[in-house]
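Asker: Sequence:
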Amino acid sequence: YRYPALVGNDLLTEDAVGEPICIEGRVLDGAGSPVPDAMIEIWQADGAGRYAGNDSAPLPNTAFKGFGRCATDREGNFSFRTLKPGSVPAPDGRPQAPHINIGLFARGLLRRLFTRIYFEGEAANDADPVLALVPHEARKTLIARRTESEGAAAYVFDIRLQGDDETVFFEA
Numbered sequence: 001y002r003y004p005a006l007v008g009n010d011l012l013t014e015d016a017v018g019e020p021i022c023i024e025g026r027v028l029d030g031a032g033s034p035v036p037d038a039m040i041e042i043w044q045a046d047g048a049g050r051y052a053g054n055d056s057a058p059l060p061n062t063a064f065k066g067f068g069r070c071a072t073d074r075e076g077n078f079s080f081r082t083l084k085p086g087s088v089p090a091p092d093g094r095p096q097a098p099h100i101n102i103g104l105f106a107r108g109l110l111r112r113l114f115t116r117i118y119f120e121g122e123a124a125n126d127a128d129p130v131l132a133l134v135p136h137e138a139r140k141t142l143i144a145r146r147t148e149s150e151g152a153a154a155y156v157f158d159i160r161l162q163g164d165d166e167t168v169f170f171e172a
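Counting from 1, one number per residue, gives the positions in the sequence shown under my numbering.
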């Protein structure tokens, strides 16, 4: 099998439902130095809030899998081309703000770390049941800053493994 054909950092498909965006960021260690050998996996709903493989609400855009993987470069940089996800229900049925799930592998970690990307300016962030569990001062580590990249919507999201402004990580 050809690895890039199976999984890569470009999740966009011709029939994808939603706003195309770019996620750009860096993985940094506790001293603020780049981590050049991390692997980031993302999984997410499409723009209508549907996950691939969900039989109760199947995707009309069958080519969008909502899963990607990207290794960091020498400077700790990573990027994904994807869709801004729609809101999905929490297990208790309450709506969650649009978010992208992240799994992070890196040297020195005995197990994968889990976090989420939320989006700056998203009104639903205030009522998100998961974000509400995070202390207010730490929430900023989960919210990607909106910018533009090559004329398209982009979000910057750095992952800090330790130290000041350490990214909030969740138990699996």
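Some clues are possibly wrong.
Ranges of calculated distance between the beta carbons of each label pair, as one might list FRET restraints [what the hints assert, rightly or not]:
| no. | residue 1 | residue 2 | range |
| --- | --- | --- | --- |
| 1 | A90 | P34 | 19 to 27 Å |
| 2 | E148 | V168 | 25 to 33 Å |
| 3 | G32 | R112 | 39 to 47 Å |
| 4 | F105 | E75 | 12 to 20 Å |
| 5 | D15 | H136 | 34 to 42 Å |
| 6 | A124 | P36 | 19 to 27 Å |
| 7 | G32 | G151 | 15 to 23 Å |
| 8 | G151 | R111 | 34 to 42 Å |
I should point out that these hints are in silico values taken from the structure, not numbers from a laboratory.
C-beta: ideal position from N, C-alpha, C; glycine also.
Asker: Hints first: check each against the structure and report whether it holds.
Answerer: Hint check results:
no. : hint                    : verdict
1   : A90 / P34: 19 to 27 Å   : 34 Å, violated
2   : E148 / V168: 25 to 33 Å : 26 Å, holds
3   : G32 / R112: 39 to 47 Å  : 22 Å, violated
4   : F105 / E75: 12 to 20 Å  : 18 Å, holds
5   : D15 / H136: 34 to 42 Å  : 40 Å, holds
6   : A124 / P36: 19 to 27 Å  : 35 Å, violated
7   : G32 / G151: 15 to 23 Å  : 31 Å, violated
8   : G151 / R111: 34 to 42 Å : 39 Å, holds
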